[in-house]
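Whole structure, please, built from the sequences with the hints as guidance.
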Amino acid sequence: MGNTGDTVAVTGAADFLGSHICRALLHCGYAVRAVTHEGSNGKLPADLSEQVELQPADVRNPESLNQAFQHAHAVVHSTDIMTVDADPKGLADEVNLTGTRNVIQACICNGVRRLVHISSIHAFSPLRGTTLSVSSKLGQNSKIPYVATKAEAHMSVLDAARGGLLNASIVCPSGLIGPGDSEPTRVGSVLLAMARKQLPCLIDGGFWWGDVRDVANAIANAVEANGYGGEVYFTAGQYTKASQLVSLCSQVLGRNVKRPVVPYSLAQTVLPLIKSRAAKRNLSSLYSRNSLKLLRDCPASIDESLAISQLGYKSRPLKESIRDALNWFTEQRIRF
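If you use the working numbering, the sequence shown corresponds to residues 12 to 347, in order.
Since the hints were derived computationally from the structure, they do not count as laboratory data. Mixed in with the good hints, there may be bad ones.
In silico DSBU-like pairs for lysine-lysine, Cα to Cα no more than 35 Å straight-line [unchecked claim]: (1) Lys291 <-> Lys304; (2) Lys252 <-> Lys304; (3) Lys208 <-> Lys252; (4) Lys325 <-> Lys291; (5) Lys54 <-> Lys100; (6) Lys154 <-> Lys325; (7) Lys100 <-> Lys325.
Written as C-alpha cells, this is what we have:
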C-alpha cells in the first residue's frame, strides 16, 4: 500500500517503543494517530505531540478502540504490560491478551488494511542453548504472566491472519536500549543501576539487546511489507552477557562500574540475600526467581533472516545504543 498521507494508528504511542514507532512512521511519510491511555498524552515528547493526532483510548474498552481506528489504513499495536512476577490484579491478562483481541476485532470492524502486532521473544517456551525461530513453540503454559499472556496474544493474531480475517504480521523484539526511555523501562532501570554501581551483583548469564530505533524502523517497514499475512519477524539484536554489558557501560562512562559475577546456581541459593540488598535501591524485582529464569532460558541464537530481508532490519553496535541512552539520561538531568 502507498504510504503518503495514509493514517497509521499506534497503540502505546506514549511508551518507549511506541514513541519511536511514531517517529519512524512519520519519517516514512505516514500520518500518525497516537493512541494513548487516557491521561498519558503528557508523556509524549513535546515535539512529537505537535506532529501526530492524539487519540485517547483503552485497549480494554472495545468502543474506544473503534473510535481510535476509524479511517486508519493500518494499526501498530505496541501496548503491553510487563509483569514478570505475580499479577494479582490480572492486568497482564486484561491488557496483553484481552486488549490484543479487542484490537483485532476493532481492526476487522473498521476495515483496517494491516495490523502489525508487537510481540516479544519472551512469548516463546524456554529455548536455553537453542535457536529461536518461527517454528519455535509458544509459551502459553508458562507460569510467568508476561510470557503466558504475550504468547496467547501472539497466537490470537496468527489465528486471525491465517483465518483470513485480517492482514496481520508480528514483530518480536528483545530488550530495548536507546534514547528517550523516560519511565524508565525495566531495561533502562538496569542500565542506570549499572552506571550507578547499584547492582549488588551480576548473574552469570546474558540476554538479547536491540536498539529501540532499529526496531522501530523495522516495525514501520512492516506496515507496507510485501507479505501475505501471518509473518513473524524477530528483531533481537545482539546476545551479550551481563558482564559484557557492564564493560561497555564502563567504556562509555570512562570509569569502572563493574560488579561481582555470581553463578546462576549460587544466585538461586542466596537469592533472598541478594534481593534484600537490591531492595535498598528499589531494584529487588530485577532479582526475582522468574527474572533469573528468563536469563537462564535465553536462546543461544535467533533467526532474524526474515526481518533482515523483508524489513531491512539492521542492528547497530550495542556500545552506540548504550552511549546514546546514557547521553539522553544526562540531558534529562538524571544522575548516575
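Lysine 54 and lysine 100 were given as a pair; does the straight-line alpha-carbon distance stay at or below 35 Å?
Roughly 24 Å between the alpha carbons, so the hint for lysine 54 and lysine 100 holds.
Compare the distance between the alpha carbons of lysine 100 and lysine 325 with 35 Å, and conclude whether the hinted pair is satisfied.
violated, 38 Å
Does the alpha-carbon distance linking lysine 252 and lysine 304 stay inside the 35 Å limit?
Cα-Cα ~15 Å, so holds.
Hint consistency between lysine 291 and lysine 304 [alpha-carbon to alpha-carbon, up to 35 Å]:
holds, 23 Å
Could you grab the alpha-carbon distance between lysine 154 and lysine 325 and see if it respects the 35 Å cut-off?
With Cα atoms ~33 Å apart, lysine 154 and lysine 325 stay inside 35 Å; holds.
Given hint lysine 291 paired with lysine 325 - CA-CA distance at most 35 Å
Violated, at about 39 Å.
Proposed proximity, lysine 252 with lysine 208 (alpha carbon, max 35 Å):
Answer holds: lysine 208 to lysine 252 is near 17 Å, not above 35 Å.
Going through the hint list in order, the structure does not satisfy hints 4 and 7.
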